[in-house]
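Can you make the complete structure from the sequences, with help from the hints?
Chains as they are written, first to last, in the working numbering: chain A, 2 to 149; chain B, 2 to 149; chain C, 270 to 350; chain D, 270 to 350.
It is possible that some hints are incorrect.
To be verified - Reference excerpt, derived from the structure (chain B facing chain A, CB under 8 Å, subset only):
id: 1; residue: Phe-11
id: 2; residue: Gly-14
id: 3; residue: Gly-26
id: 4; residue: Thr-34
id: 5; residue: Val-36
id: 6; residue: Arg-38
id: 7; residue: Gly-89
id: 8; residue: Arg-100
id: 9; residue: Phe-106
id: 10; residue: Glu-110
Said to hold, decoys possible - Each computed DSS-like pair below joins lysine-lysine, with the alpha-carbon atoms no more than 27 Å apart:
id: 11; chain 1: B; residue 1: Lys-103; chain 2: B; residue 2: Lys-63
id: 12; chain 1: A; residue 1: Lys-103; chain 2: B; residue 2: Lys-125
id: 13; chain 1: B; residue 1: Lys-103; chain 2: A; residue 2: Lys-63
id: 14; chain 1: A; residue 1: Lys-63; chain 2: A; residue 2: Lys-129
id: 15; chain 1: A; residue 1: Lys-103; chain 2: B; residue 2: Lys-63
id: 16; chain 1: B; residue 1: Lys-103; chain 2: B; residue 2: Lys-3
id: 17; chain 1: B; residue 1: Lys-103; chain 2: A; residue 2: Lys-3
id: 18; chain 1: B; residue 1: Lys-103; chain 2: A; residue 2: Lys-125
id: 19; chain 1: B; residue 1: Lys-129; chain 2: B; residue 2: Lys-139
id: 20; chain 1: B; residue 1: Lys-125; chain 2: B; residue 2: Lys-63
id: 21; chain 1: B; residue 1: Lys-63; chain 2: B; residue 2: Lys-3
id: 22; chain 1: B; residue 1: Lys-3; chain 2: A; residue 2: Lys-103
id: 23; chain 1: B; residue 1: Lys-63; chain 2: B; residue 2: Lys-129
id: 24; chain 1: A; residue 1: Lys-129; chain 2: A; residue 2: Lys-3
id: 25; chain 1: B; residue 1: Lys-103; chain 2: A; residue 2: Lys-139
id: 26; chain 1: A; residue 1: Lys-103; chain 2: B; residue 2: Lys-103
id: 27; chain 1: A; residue 1: Lys-103; chain 2: A; residue 2: Lys-125
id: 28; chain 1: A; residue 1: Lys-103; chain 2: A; residue 2: Lys-63
id: 29; chain 1: A; residue 1: Lys-129; chain 2: A; residue 2: Lys-139
id: 30; chain 1: B; residue 1: Lys-125; chain 2: B; residue 2: Lys-139
id: 31; chain 1: B; residue 1: Lys-139; chain 2: A; residue 2: Lys-103
id: 32; chain 1: A; residue 1: Lys-3; chain 2: A; residue 2: Lys-63
id: 33; chain 1: A; residue 1: Lys-139; chain 2: A; residue 2: Lys-63
Said to hold, decoys possible - Covered stretches of chain D, as calculated for chain A (at least 3 residues, CB under 8 Å):
id: 34; region: 290-298
id: 35; region: 334-348
Bear in mind the hints are in silico, worked out from the structure with no lab data behind them.
A virtual CB, placed ideally from N, CA and C, is assigned to each residue, including glycine.
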Amino acid sequence: MKIAVQQAPFDFGAEAEAFSAGATGAGAVVTFTGVVRDAEEGSLSAMEIEHYPGMTERALTKITEEAMRRWSLADALVIHRYGRMETGDQIMMVATASRHRKDAFEAAEYLMDYLKSRAPFWKKEFLKNGNSDWVEAKDADEDALTRW
Amino acid sequence: MKIAVQQAPFDFGAEAEAFSAGATGAGAVVTFTGVVRDAEEGSLSAMEIEHYPGMTERALTKITEEAMRRWSLADALVIHRYGRMETGDQIMMVATASRHRKDAFEAAEYLMDYLKSRAPFWKKEFLKNGNSDWVEAKDADEDALTRW
Amino acid sequence: MDVLYFAWVRERIGIPREQVETEAATVAELVAELSAREDRYAAAFADLSALRVALDQDLMDFDASLAGVREVAFFPPMTGG
Amino acid sequence: MDVLYFAWVRERIGIPREQVETEAATVAELVAELSAREDRYAAAFADLSALRVALDQDLMDFDASLAGVREVAFFPPMTGG
Chain A
2 MKIAVQQAPF
12 DFGAEAEAFS
22 AGATGAGAVV
32 TFTGVVRDAE
42 EGSLSAMEIE
52 HYPGMTERAL
62 TKITEEAMRR
72 WSLADALVIH
82 RYGRMETGDQ
92 IMMVATASRH
102 RKDAFEAAEY
112 LMDYLKSRAP
122 FWKKEFLKNG
132 NSDWVEAKDA
142 DEDALTRW
Chain B
2 MKIAVQQAPF
12 DFGAEAEAFS
22 AGATGAGAVV
32 TFTGVVRDAE
42 EGSLSAMEIE
52 HYPGMTERAL
62 TKITEEAMRR
72 WSLADALVIH
82 RYGRMETGDQ
92 IMMVATASRH
102 RKDAFEAAEY
112 LMDYLKSRAP
122 FWKKEFLKNG
132 NSDWVEAKDA
142 DEDALTRW
Chain C
270 MDVLYFAWVR
280 ERIGIPREQV
290 ETEAATVAEL
300 VAELSAREDR
310 YAAAFADLSA
320 LRVALDQDLM
330 DFDASLAGVR
340 EVAFFPPMTG
350 G
Chain D
270 MDVLYFAWVR
280 ERIGIPREQV
290 ETEAATVAEL
300 VAELSAREDR
310 YAAAFADLSA
320 LRVALDQDLM
330 DFDASLAGVR
340 EVAFFPPMTG
350 G
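Shown next as structure tokens:
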């Protein structure tokens, strides 16, 4: 199990490959990556992610430990960046490894659903026209938790 | 959209990274990787995958096009190997990119469910004790299709 | 008509493909014809529920018509992924 | 007691954290106390349904007790991932 909260970019390909290679005997590896996407056609200048140092690591660890308890996982990984990012930059990734693809998929979706609504990150979008706005939480994200 | 059926190993990390980088504006990227896992504690010597050249590409293309129709995807990728492989080798991967994580997850699961039961691949396990056996299809894999 | 065999069907029949001259109207009739030919065919086709068939590279049922079909393939349920 | 503010709550109140001496028994009482202090607090706390609170880094409800709590944090719903 690995949890990383960092300002620096991470190498998605290298992390995915290392995770897969380390999950011996697992058979099924699922990854999810979140990428900074444009607000509207070319209008985004940058994104800034604020977080709550201490609580972030604590929340991610709790969520990941719960996933390891609920599903039969060989391993799980969460990396989440904070600070300033640009369109196309990778914000975060999760990865899960299991003997069964169903467990790997469900656990990755669980990690994402809880991370979205329970880990203390806040996104602010800076537009090219000079405006900036905090991204609003979606009801759908809170609703997603009722599935688990 | 990319479909590859090949004997040669593929570089999971590099493929995942290139797919993510190419899916501009997507926001959410999901990958699944299947790895040769041991039959039982250290008993597997090798795995051989047979396929039906021509029909394989045709089936994978149909499945992937259907996924692109059903979900809002920026891109989708399927790579599947055939021939001889060893424990820990990557057999195949799928990747999906979408604006929404739900679409990316569901489409990846759909691709896997259909690929498992509708793409003409057959696995044969070679054990260290000299025995060999064709892997039997699981009822659960056929049942998984009823979800869609 | 080209007839192809894969996985244990191929091993049991002993060849990966062959040319078959037949008047069979459906897959089921072709299976009956081959099974009557030799034991190795009868053994491979003994349990049709353990088999799948593709006509010109599309999965079909055993009662499907062979009219216009150029390539028939028999194999066990797939186990990719 | 340390009180922390994040995202637009931090921007509206104007500081990321402060030391608060209080007799408030619950989060709701602390919110009322701060809101009475200055307009910028009242503005930040105007709609509690748009806010979340963590006590010693665990998410809690606004009626939670402050007994033994060393760190209170106010922020909007999270938007990570």
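**Message:** Need the list of violated hint numbers for this structure, in ascending order.
**Reply:** Checked against the structure, the hints that fail are numbers 1, 14, 23, 24, 27, 34, while the rest are satisfied.
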